[in-house]
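Full structure from sequences and hints, please.
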Amino acid sequence: MKKYLVFVGSFSAAFLLLQILSGLLLTLFYTSSMPWGKLSALSSQVEFGRATVIPPLVIALLALGIAFGVTTLFSKRASR
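Counted from 1, the sequence shown has number 20 at position 20 by the UniProt record's numbering; the numbering is strictly sequential.
Hints are computed from structural coordinates only; laboratory data are not their basis. Mixed in with the good hints, there may be bad ones.
[What the hints assert, rightly or not] So the derived label-pair ranges between C-beta atoms look like this:
| id | residue 1 | residue 2 | range |
| --- | --- | --- | --- |
| 1 | L28 | Y4 | 35 to 45 angstroms |
| 2 | F48 | L73 | 38 to 48 angstroms |
| 3 | M1 | M34 | 47 to 57 angstroms |
| 4 | V58 | Y30 | 17 to 27 angstroms |
| 5 | F29 | A60 | 19 to 29 angstroms |
| 6 | V46 | Q19 | 21 to 31 angstroms |
| 7 | F68 | E47 | 38 to 48 angstroms |
| 8 | T72 | I20 | 20 to 30 angstroms |
| 9 | S79 | V46 | 47 to 57 angstroms |
| 10 | T31 | R80 | 43 to 53 angstroms |
| 11 | S44 | S12 | 36 to 46 angstroms |
| 12 | G69 | L26 | 18 to 28 angstroms |
| 13 | L73 | E47 | 43 to 53 angstroms |
Cβ atoms here follow ideal geometry from the backbone N, Cα and C, with glycine treated the same way.
What follows is the structure in structure tokens.
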């Protein structure tokens, strides 16, 4: 049970940390494509863009790998 809790806790922490880091990097490197000089009035329509499944899947797999590594590290230290 302890091994399961360590895995779930480390997965949750790694996933949250990777999501926050990803959001910070996306915000940092975002450049607007709106031509501000040619704009006479703001548009009333909003375009949200596309959502893909691949980036969240990659983040989840990275978090899974980190959680597995932390769990094996704790189980090796506990068996000593």
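Taking the CB of V58 and the CB of Y30, does the distance hold inside 17 to 27 angstroms? holds (19 angstroms)
In this structure, is the beta-carbon distance linking F48 and L73 contained in 38 to 48 angstroms? holds (41 angstroms)
Does the Cβ-Cβ separation between G69 and L26 fall within 18 to 28 angstroms? For L26 against G69, whose Cβ atoms are near 25 angstroms apart, the range 18 to 28 angstroms holds.
Is 19 to 29 angstroms right for how far apart the beta carbons of F29 and A60 are? With Cβ atoms ~22 angstroms apart, the hint holds.
Do S44 and S12 keep their Cβ atoms within the hinted range of 36 to 46 angstroms? holds (41 angstroms)
Can you let me know if the beta-carbon spacing of V46 and Q19 is within 21 to 31 angstroms? Holds, since V46 and Q19 (Cβ atoms, about 24 angstroms apart) stay within the stated range.
Beta-carbon spacing of T72 to I20 - inside the hinted bounds 20 to 30 angstroms or not: holds (25 angstroms)
Taking the Cβ atom of S79 and the Cβ atom of V46, is their distance within the range 47 to 57 angstroms? Holds, at about 56 angstroms.
Quick one: are L28 and Y4 within 35 to 45 angstroms, going by C-beta? holds (36 angstroms)
How does the Cβ-Cβ distance of L73 and E47 compare with 43 to 53 angstroms: does it lie in that range? holds (45 angstroms)
Kindly confirm whether 47 to 57 angstroms is satisfied by the beta carbon distance between M1 and M34. holds (53 angstroms)
If I claimed the Cβ atoms of T31 and R80 lie 43 to 53 angstroms apart, would that claim hold in this structure? holds (51 angstroms)
The structure is consistent with each of the numbered hints, conforming to all of them.
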